[in-house]
Structures are given as structure tokens and as C-alpha cells.
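A.B. asks: The listed protein sequences derive, respectively, from chains U and G. Counted from 1, the first sequence has number 306 at position 307 by numbering that gives the first Met the number 0; the numbering is strictly sequential. Counted from 1, the second sequence has number 325 at position 326 by numbering that gives the first Met the number 0; the numbering is strictly sequential.
What the hints contain is simulated information worked out from the structure, not anything from laboratory work. Treat each hint with caution, since some may be false.
Copies of one chain are not kept apart here, so a pair can be met inside one copy or by any two copies together.
[Said to hold, decoys possible] With a Cα cut of at most 20 Å, we get these calculated EDC-like pairs of lysine to aspartate or glutamate: (1) K200 with D161; (2) K200 with D281; (3) K200 with E178; (4) K465 with E57; (5) K200 with E323; (6) K465 with E370; (7) K434 with E329; (8) K465 with E33; (9) K200 with D14; (10) K465 with E206; (11) K200 with E427; (12) K465 with D338; (13) K200 with E329; (14) K434 with E284; (15) K434 with E47; (16) K200 with E160; (17) K465 with D312.
2 protein chains.
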Amino acid sequence: MSPEEFRRFGHEVVDWIAGYLARPEDYPVLAQVEPGQLRSQLPPNPPEGGEPMAEILEDFRQYVVPAVTHWNHPSFFAYFATSASAPGILGEMLSAAFDAKAMLWRTSPASTELEEVALDWLRQLMGLPEEFGGVIYDTASVGTMHAVAAAREALDLRVREDGMSGRADLPLLRLYASEQAHSSVEKALIALGLGQRSLVKVPADAEFRMDAAALARLIDEDRRAGHLPFCVVATVGTTSTTSIDPVPLVADVCERERLWLHVDAAYAGSAAVAPELRHVLDGCERADSLVTNPHKWLFTPFDLSALYSRRLDVLRRAFALTPEYLRTPEQDAVRNGSDYGVQLGRRFRALKLWMILRYFGHEGLAALIREHCRLARLFADWVEASPDWELLAPVPLSVVCFRARPEVEGDLDALNERLMNAVNATGELFLSHTKLHGVFTLRLAVGNIRTAEAHVRRAWELLNEKLSEISDEG
Amino acid sequence: MSPEEFRRFGHEVVDWIAGYLARPEDYPVLAQVEPGQLRSQLPPNPPEGGEPMAEILEDFRQYVVPAVTHWNHPSFFAYFATSASAPGILGEMLSAAFDAKAMLWRTSPASTELEEVALDWLRQLMGLPEEFGGVIYDTASVGTMHAVAAAREALDLRVREDGMSGRADLPLLRLYASEQAHSSVEKALIALGLGQRSLVKVPADAEFRMDAAALARLIDEDRRAGHLPFCVVATVGTTSTTSIDPVPLVADVCERERLWLHVDAAYAGSAAVAPELRHVLDGCERADSLVTNPHKWLFTPFDLSALYSRRLDVLRRAFALTPEYLRTPEQDAVRNGSDYGVQLGRRFRALKLWMILRYFGHEGLAALIREHCRLARLFADWVEASPDWELLAPVPLSVVCFRARPEVEGDLDALNERLMNAVNATGELFLSHTKLHGVFTLRLAVGNIRTAEAHVRRAWELLNEKLSEISDEG
């Protein structure tokens with residue numbers, strides 16, 4: 000494609016994006032398509048000859064866009080609501096053009112050094128200590144996997160060299176996380192060959208926070224059974240309810256027992272950017288590692304997850320492996336990104352984060368997070384004030400767990416699931432659910448950069464409308 | 000940022016990219032900066048207030064761009080030369096704007112289904128059988144890690160459930176790969192807890208291809224020692240020389256021994272798109288899994304790696320884990336991407352690949368690959384015809400391994416390393432090296448979409464100029 004053509008189609012794409020971001024509400028938030036619909040609309044074979052870009056973009060608009068679920072929609076309240084800010088999109092455009100593979104310092108000095116700068120800025124914004132160095136990965140799942148691998152390496156059991164198969168000398172390694180911890184912890188253990196048996200689920204209290212006394216007891220029991228405790232994962236902002244584990248107490252246990260403390264702050268780490276919420280990270284300054292996702296609540300286009308650790312040397316020892324074809328004259332004087340993980344090539348992700356931190360500034364980011372928390376609180380107040388609804392968990396941040404509980408008799412789980420499917424089918428908003436104490440629970444997650452009070456208010460109206468429709472139908 | 004502002008800055012960024020892609024040769028290919036230079040030019044603290052986008056873009060041009068190593072430069076001949084095509088960049092722009100997390104079908108039906116369509120098209124272009132289903136990951140390192148995890152799962156040893164620590168019943172698991180295999184194979188074993196000891200390096204022949212007879216012998220020896228062979232990784236297009244392991248012979252061994260055969264075709268899989276090169280994948284139709292990187296030699300912006308497997312069910316069994324908050328009504332009728340790996344969130348990567356396959360078509364892609372092979376052959380011919388230079392490996396595809404070997408006495412390794420550093424310091428081109436049979440070897444890798452005969456010719460001239468300068472200096 001000639002530069003002139005790229006310019007023309009690039010402008011066309013930018014205009015399309017500008018229009019899209021100006022009115023995401025023109026689209027249903029949850030794609031209103033059947034499984035297989037898009038696939039059936041596209042040819043089963045690739046074209047022999049090239050096709051005009053204009054036609055490709057036309058098909059994109061006609062077939063692809065209707066099958067998109069719009070994370071940019073201000074009434075996307077499912078999972079953790081996340082969204083890409085404009086400066087982040089501009090950063091991704093430039094990164095895509097550079098197409099750097101930042102495996103070594105020399106293959107992209109800009110990526111390597113901007114990663115150090117942007118992650119250090121973010122560390123300061125979150126109030127983490129200076130000893131915490133950072134690494135960018137794609138996702139928190141991958142960051143957590145690497146953190147647990149570092150914890151394993153820190154045992155000095157020659158797992159890197161000798162592995163774990165064919166060894167009668169290795170006790171059962173055990174990792175502790177609350178029953179509310181994210182599934183990525185279990186997946187990390189599966190991938191790392193530690194298996195589901197190595198996960199000890201620590202009970203949570205009535206507010207879904209890890210019970211630190213139970214943690215201590217479980218570790219003690221494991222030691223007496225001859226197992227080897229090696230890591231605790233605490234969560235700051237669990238996926239179901241955004242509950243915050245008592246990290247200071249957990250850190251006490253980890254220090255006493257000499258266990259690696261990893262903190263999953265994928266969602267709530269960003270909250271600490273607001274000074275009045277910095278307390279959510281209390282105790283995290285004592286962690287060995289902590290993962291947080293700017294692509295969750297810091298308006299950074301997916302993917303960009305940051306792993307911080309005071310022991311990056313251990314992580315490096317676990318993964319560095321330099322074949323001859325990757326040796327460089329400067330290798331001892333620089334940081335080579337691929338030394339810190341499974342991935343060799345790494346995208347130039349730091350650029351978008353650097354642009355976002357500058358464009359919004361500390362105050363701008365804090366204001367957005369503050370407003371999201373206010374909106375969640377507002378919604379929670381409506382729930383609390385209504386006889387037909389109830390809160391099912393505290394609301395420390397921007398997610399509300401609730402359900403309909405009308406006066407009439409009936410199966411509340413079935414009612415609430417039906418209600419969720421009914422509001423989602425309107426395309427006006429998108430909610431997801433969880434289960435708390437075995438109860439089907441609706442979640443309203445505020446986090447989208449475009450979400451305003453009107454959207455939260457409309458969600459409340461719509462939920463009440465659908466509830467009354469369902470109640471009328473019996 | 001208002002839509003109008005996004006439009007304005009978006010156009011500015013597109014214009015900058017268009018200008019950049021029109022003249023990447025205006026920049027030194029290898030960034031001419033010292034370690035720490037960029038970092039020292041940027042403020043150590045993040046801004047309190049937001050900054051104007053115009054200023055951020057100005058700093059981008061002034062500080063960031065000079066620290067970029069330009070993978071788009073047509074004289075980037077290092078590692079595997081790769082480059083982003085214009086339709087791929089347009090696709091990335093749209094993906095960045097959608098900001099989808101395609102963990103479940105419903106969170107991005109378009110991403111899920113376009114992934115199936117684009118990967119099936121690519122499968123057809125490479126001539127792989129219909130039973131091969133595909134999954135997109137970020138990198139081949141991650142794809143290979145997942146393939147080896149699937150091979151481990153296929154053993155039915157309850158590694159997912161019980162892990163490998165604290166078990167006296169597990170023999171030493173062993174994986175076989177040629178001594179020329181990529182370091183990602185060893186990293187995968189380290190991550191998976193199998194360890195370096197589980198890697199058996201199979202000798203290669205004089206042309207750097209796995210010795211299949213040695214493979215059979217090593218497996219036999221391991222069995223007699225009580226170890227458990229479980230996987231063989233064959234490489235189609237090794238990193239050092241692009242040598243191609245004898246996959247039909249390796250597949251014979253794997254079938255006889257009932258081992259999982261994974262093929263690393265990260266680079267050379269794309270060659271099969273050219274009908275006359277399809278033979279590079281001979282035997283791969285018998286593999287259990289195969290990884291290939293459209294982001295290497297298919298003009299796709301990094302990252303997009305495709306893992307194909309006839310046993311995706313085993314991969315799914317190894318990694319699927321659905322917590323309550325990710326259950327959906329349609330889950331049994333659709334494919335949920337996060338079931339196939341460690342990563343939960345997944346970028347909408349398929350869009351750029353779909354656009355590229357359509358824009359170039361089968362013929363366009365084949366023509367580019369064909370031309371790259373022609374240019375490498377041309378350069379190899381010059382090397383062979385010159386008394387001062389020698390080829391150090393066959394040139395089956397688009398990479399030439401060679402070195403200067405002038406008449407004068409001296410340390411050839413030191414001479415060639417000096418030569419490489421001298422040409423790289425000019426900023427006119429970028430070469431990397433490897434070692435073959437212990438000998439320092441220069442590599443000229445053709446793969447950039449803008450590389451033409453003139454660039455290869457200029458590389459040859461510059462190498463000869465620098466050789467004669469160095470020879471004159473003694």
C-alpha cells in the first residue's frame with residue numbers, strides 16, 4: 000500500500016473511530032448475534048488475488064461491527080468495566096506502526112527505557128516503595144504465573160534445572176489464596192506443573208476477605224503434614240466483590256513463615272492513584288510482588304499488565320536464557336526484557352501508558368476513579384433504599400453486588416438470572432453475575448471512562464422496569 | 000479527549016506514520032543511542048496535572064523516536080526481519096479502539112469467530128489438513144509452552160490435578176528437540192516445572208537438521224533408563240540457519256513411540272503459502288501441533304502467533320477452568336478463547352490477519368515470500384563467488400549464514416564480530432549473528448516488506464567496504 004493510500008485509509012479509519020467513540024450508545028452493548036452468525040457470513044476460503052482496502056473496510060462495517068460487544072459503551076457494567084482512552088489509542092497506533100519486538104534492549108531501546116520510566120511513574124502514583132521494579136506483561140494471569148514461578152525459584156530446589164518429575168526428594172509445594180481469589184491463580188499452578196492440589200483455598204470472612212488466622216492455621220497443618228508452603232496470594236479487589244484481603248496481617252504471616260507474598264491488585268491497584276483510596280494498598284509495601292492492570296481501570300487499551308517486585312533478580316534467575324543469537328555487546332549494561340519471562344518478543348506497550356499518564360496527569364486519573372466510586376455508591380444507596388432489592392456485599396470501590404428480592408415468593412436465583420438476561424437482551428446495558436454464599440448475585444461494575452450518572456440511573460430504571468415486567472408475568 | 004480532538008490528533012498520527020513508512024531509511028536502522036539515554040531525558044516523576052496532547056506528541060518525536068530501532072527499515076536484516084504491513088496497522092488501530100477482551104464468546108463474538116475464519120484461511124494457505132484447529136496467542140514461545148502442556152496432559156498422569164511435586168510415582172519426563180531448536184522450547188520446560196533436565200538435545204547433521212536416527216536411539220536409551228519420553232519438537236526453519244528438520248522421519252518415530260509431535264514453524268510456516276515452497280511442511284500433517292507466526296513473515300504487526308492442533312480438546316482439557324463469574328448461557332454452544340490457555344483476556348488480533356489475508360490475497364503473499372527467497376539466494380551467490388567470503392550453511396529460504404574469510408591470517412571470529420559491529424554502527428543496516436559449529440557467523444535475514452534488491456546490494460557493498468577498511472587497519 001502506498002503511503003498516500005495508507006494516509007487516506009488511515010484518515011478514514013480514524014474518522015470511523017472518532018464517530019464510534021462519540022456515540023458508542025448507537026450500538027447494543029452486548030452484541031445481538033447468534034453463535035456462528037459472523038462466521039457463516041464470511042467466505043470459507045481465502046481470496047486468491049488481493050482485494051481493495053475499501054471493500055475490506057466496507058465488510059468490516061457490515062459484518063464485523065455488528066458482532067462486536069462494545070466495551071466502550073458507557074453502560075458496559077459487566078465483569079470489570081474497562082475502556083480505552085483516546086491518548087492510549089493514539090499510542091497503540093504508533094506502536095503498531097513501529098512493530099518493535101522488544102526482546103533485547105537493542106531491538107527497541109525506546110520500549111525498554113520507556114517501560115522503566117512509565118512503570119516507575121505508576122509506582123509513585125500508587126505509593127509503592129522505590130525498591131519495586133516493574134515488568135510489563137500482557138495480562139495479570141501471565142504476571143501472576145511469573146510471580147509464582149519466581150516464588151518457586153526462590154526455594155532453591157533446582158526446579159529450573161531439574162524440574163519436578165522423577166524426583167522423590169520434593170515435598171508437595173503449597174500456595175495459599177482466599178476462596179475468593181481469581182481463577183488465574185489456579186491456572187498458574189496448573190501451567191507451572193504444581194497442579195490444583197498445590198492450591199489451598201483459605202476461607203474468607205463474611206465480607207469476602209481472607210481470614211488471616213485460618214491462613215496461619217492451614218500453613219501450620221501443612222507443615223505438620225510434611226508439605227512445603229512457599230507462596231501466599233492476597234487479593235486487593237477480588238473479582239466477585241472487590242473485597243480487599245487484610246494484607247498487613249497476611250504479610251505478618253508471610254514474614255514469620257518466610258513465604259513469598261504475591262498481591263493480585265489487577266483491578267484495585269489503580270484505585271491507589273486517588274490519594275484518599277491509597278489505603279487499599281496498605282501492607283502491599285511488604286509484598287514480594289504485586290500485579291496491577293492499567294488496562295483495567297487506568298484507561299489503557301488492552302493489553303498492559305504491570306508486575307512489580309522487590310525481587311526481580313529472582314524472576315530473572317528463573318527465566319533468563321540467552322542463546323548465542325541473542326547475545327549483544329551491551330548485554331551486561333542494559334535490561335533485556337525477555338530475561339523476565341516466557342515471552343521473547345514483547346510489544347512496545349509502554350508508549351500508550353506513558354501518553355496516558357501524561358495526558359490525564361495524576362489529578363485527572365484520580366478524578367475519574369473517584370467519580371466511578373461515587374457512582375457505584377450512589378447505585379448501592381438506591382438498592383439499599385428499595386424494598387425490592389438488596390445489597391449482597393460491601394461496596395469499597397466501584398462494583399456493586401446486589402439482587403432483586405421482591406415481596407413475592409419464588410426462586411430468587413432463577414428470578415435474578417432471568418432479570419439479568421432480560422436487561423442484557425435489550426442491548427441497553429450489560430451486566431454479569433457471580434455467586435456469593437451460594438446465591439446468584441448481580442454485579443454492576445463501573446469503570447468505563449464514559450460512564451456518567453445518567454447511565455447508572457438508566458440502569459437502575461431498566462432493572463426496575465424488567466423486574467416489574469417479570470413480576471407481572473408471574 | 001473530545002471526538003473532534005481525537006480526529007485531529009488521529010489524523011496527525013496517521014500522517015506521521017504515513018511519512019515514516021514512506022521513508023524509514025531516513026532513520027538509522029539500529030538506534031544510535033547509549034543505554035540510559037532516553038530515560039535520562041525524561042522527568043523522573045509523573046505530572047500532577049494533565050498535559051496537552053500536542054506537547055506529548057512533540058516529546059514523542061524529539062525523545063522517543065531517536066531511541067527506536069526501526070524494524071520497518073528495509074535494511075533490517077537481523078534476527079528474523081519482520082515488518083508490519085499497512086492493512087495490518089489499520090487492523091490494529093481498530094482493535095485498539097474496540098479494546099475487546101475476548102475471554103468469552105459473548106465478550107467479543109467478532110473476535111472469536113474471526114479468529115476461527117482467519118486461522119482456517121491460513122491453514123488452507125499452508126496446506127495443513129482440515130482437522131487442524133487453531134488458537135491465536137501472542138508469541139510462539141507461549142504457543143509452544145501450551146503445546147508442551149497439552150503433550151503433558153495427554154499422558155493422563157493427573158499433572159493438572161495433582162501436579163508433580165511430592166510425587167514419587169512420576170518418572171522423569173523427557174522432551175526431544177534438536178540442538179538447533181529455539182530457546183523457547185527450553186523456557187517452556189522451565190516454566191512448566193519440567194526443568195532443563197527434561198530436555199534432550201538431539202544432534203543435528205552437517206546441515207543443522209535433526210538426526211532422526213539419533214532421536215530414536217536417545218528415546219530408546221531413556222526408556223531403558225526408566226524415563227518417560229512424552230514429546231518431540233521438530234523445527235521447520237531454525238533460528239540460526241532456517242534448516243528444516245526431517246519431519247516425515249521424526250513423525251515415524253513419534254508414531255512408533257506414541258509421542259506428541261510439536262512443530263516449531265514460527266518463521267518458515269509462512270513459506271508454505273508459496274505453492275513451490277509448500278514442501279517445507281512435508282510431514283507436518285502428521286504433527287499433533289504446529290506453531291507459526293504471521294507476525295514474522297506474513298506482514299502482520301506483532302503480536303499474532305497461531306497454534307494449530309488436531310488435539311485442541313487435549314489443550315482445552317489442560318487449561319479450561321470456568322469460575323462462576325465467567326459462566327454464560329451459551330457456553331456449551333460456543334468457543335470461549337480463555338479455555339485454551341493461561342491468558343484470560345485476549346486482544347482482538349484476528350482482525351488484522353483477516354485484513355492482511357484479504358488485502359494481499361494468496362498470490363500477493365506468495366509473491367512477497369518468493370521475492371525474499373530470491374534476494375537471499377542472490378546474496379548467497381555473491382558470497383559464494385567471492386574469495387573473501389564464505390557461506391556457512393545452506394540457504395533454503397530467506398536467511399544467509401556467512402562470514403568474511405579474507406586471505407590474511409588472523410582470528411576470524413574476532414574479525415567478523417568487528418565487521419558486524421562496524422556495519423551496524425553506520426545505521427545503514429542491521430545484522431545479527433549466531434554460532435555454527437563454534438564459529439562466529441553473520442546472518443543476513445530478508446523478510447521486511449520493503450526490502451528490495453537495492454538494499455541487499457548495498458548490504459553487500461557496505462560489508463565489503465568495512466572488510467577492506469578493517470583489513471587495511473590490520
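A.B. asks: Flag every earlier hint the structure violates by its number, smallest first.
C.D. replies: The structure conflicts with hints 2, 4, 6, 8, 9, 10, 11, 12, 13, 14, 15, 17, although it agrees with all the remaining ones.
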